[in-house]
Amino acid sequence: EAQVTQNPRYLITVTGKKLTVTCSQNMNHEYMSWYRQDPGLGLRQIYYSMNVEVTDKGDVPEGYKVSRKEKRNFPLILESPSPNQTSLYFCASSLGGISGIGTQYFGPGTRLLVL
Amino acid sequence: GIQVEQSPPDLILQEGANSTLRCNFSDSVNNLQWFHQNPWGQLINLFYIPSGTKQNGRLSATTVATERYSLLYISSSQTTDSGVYFCAVINYGGSQGNLIFGKGTKLSVKP
Chain A
1 EAQVTQNPRY LITVTGKKLT VTCSQNMNHE YMSWYRQDPG LGLRQIYYSM NVEVTDKGDV
61 PEGYKVSRKE KRNFPLILES PSPNQTSLYF CASSLGGISG IGTQYFGPGT RLLVL
Chain B
1 GIQVEQSPPD LILQEGANST LRCNFSDSVN NLQWFHQNPW GQLINLFYIP SGTKQNGRLS
61 ATTVATERYS LLYISSSQTT DSGVYFCAVI NYGGSQGNLI FGKGTKLSVK P
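Chains as they are written, first to last, in this note's numbering: chain A, 1 to 115; chain B, 1 to 111.
Take these hints with a grain of salt, some might be off.
Computed footprint of chain B on chain A; a stretch qualifies when at least three of its residues, placed anywhere within it, have a C-beta under 8 angstroms from a C-beta of chain B [stated by the list, open to error]:
hint	segment
1	36-48
2	51-64
3	93-107
Capping the alpha-carbon separation at 30 angstroms, the derived lysine-lysine pairs in BS3-like fashion look like this [claimed, not checked]:
hint	chain 1	residue 1	chain 2	residue 2
4	B	Lys103	A	Lys57
5	B	Lys103	A	Lys65
6	A	Lys17	A	Lys69
7	A	Lys57	B	Lys106
8	B	Lys106	B	Lys54
9	B	Lys54	B	Lys110
10	A	Lys18	A	Lys69
11	A	Lys65	A	Lys17
12	A	Lys71	A	Lys57
For the record, the hints were derived by calculation from the structure and aren't laboratory data.
Nothing here was measured: the structure is a model prediction, and the numbers come from that model.
Backbone N, C-alpha and C fix where the C-beta goes; we use that ideal spot for every residue, glycine too.
Okay, chain A solo, but in the shape it has when bound (with noise of 0.2 angstroms):
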């Protein structure tokens, strides 16, 4: 089955205490982002990766790390998180290529609290 998994779906962590989120597609899609949803805000893109070792910040990277070592997965690291990062993330994926990035499948989501 075509997907896009996260995990871990839930975290609970307390303020400085580094964190990995991981993020794998089985499509071999070339682009894949991480975003960020709060109320009121909407989804902010944390940052985007067009292909494998190519990444780019989106609209909100402060405090976030990424990696793109191989095509399927695309690693979300907090190194020092703090409470304002408490929120639900989403990993997308898309096909990507000279056509543009296309259409977007998300990832079930992982609802983060930072105590």
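Model the placement of chain B on the given structure of chain A, informed by the hints.
Just chain B now, kept in the frame of chain A:
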């Protein structure tokens, strides 16, 4: 940067009614998508429609890129249509991976 505005912010319908959701954007785009987030939080792509008109069952969408707006039509609405509808765009002159979302239209369909 490009601004994406959706209207109305909230919409309540009786089952069977039709509705039109609007997405205005402030600059040229080469990517426009509509998404539905259901009450359980799942995000589903409805249309990839940078220009023209598409239809999928009871849903259809039209983008008039030269006038900087897109419309999503829902006909004969059902309770399962409830949720939040987002449009998202990529600015033609901006970073080609930077997808900008509107704040959404929250739709409630009553039985």
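To see whether the hints hold, each was checked on the structure:
1. 36-48: Coverage by chain B holds for the segment 36-48 of chain A (7 residues, Cβ < 8 angstroms).
2. 51-64: holds (count 3)
3. 93-107: Coverage by chain B holds for the segment 93-107 of chain A (7 residues, Cβ < 8 angstroms).
4. B:Lys103 with A:Lys57: 20 angstroms, holds
5. B:Lys103 with A:Lys65: 25 angstroms, holds
6. A:Lys17 with A:Lys69: 24 angstroms, holds
7. A:Lys57 with B:Lys106: Distance of about 29 angstroms is within 30 angstroms: holds.
8. B:Lys106 with B:Lys54: Given pair Lys106 (chain B), Lys54 (chain B) holds - Cα atoms ~22 angstroms apart, limit 30 angstroms.
9. B:Lys54 with B:Lys110: 26 angstroms, holds
10. A:Lys18 with A:Lys69: It holds: about 20 angstroms lies between the C-alpha atoms, which stays within 30 angstroms.
11. A:Lys65 with A:Lys17: 14 angstroms, holds
12. A:Lys71 with A:Lys57: Holds, because 18 angstroms separates the two Cα atoms, which is no more than 30 angstroms.
In this structure, none of the earlier numbered hints is contradicted; all agree with it.
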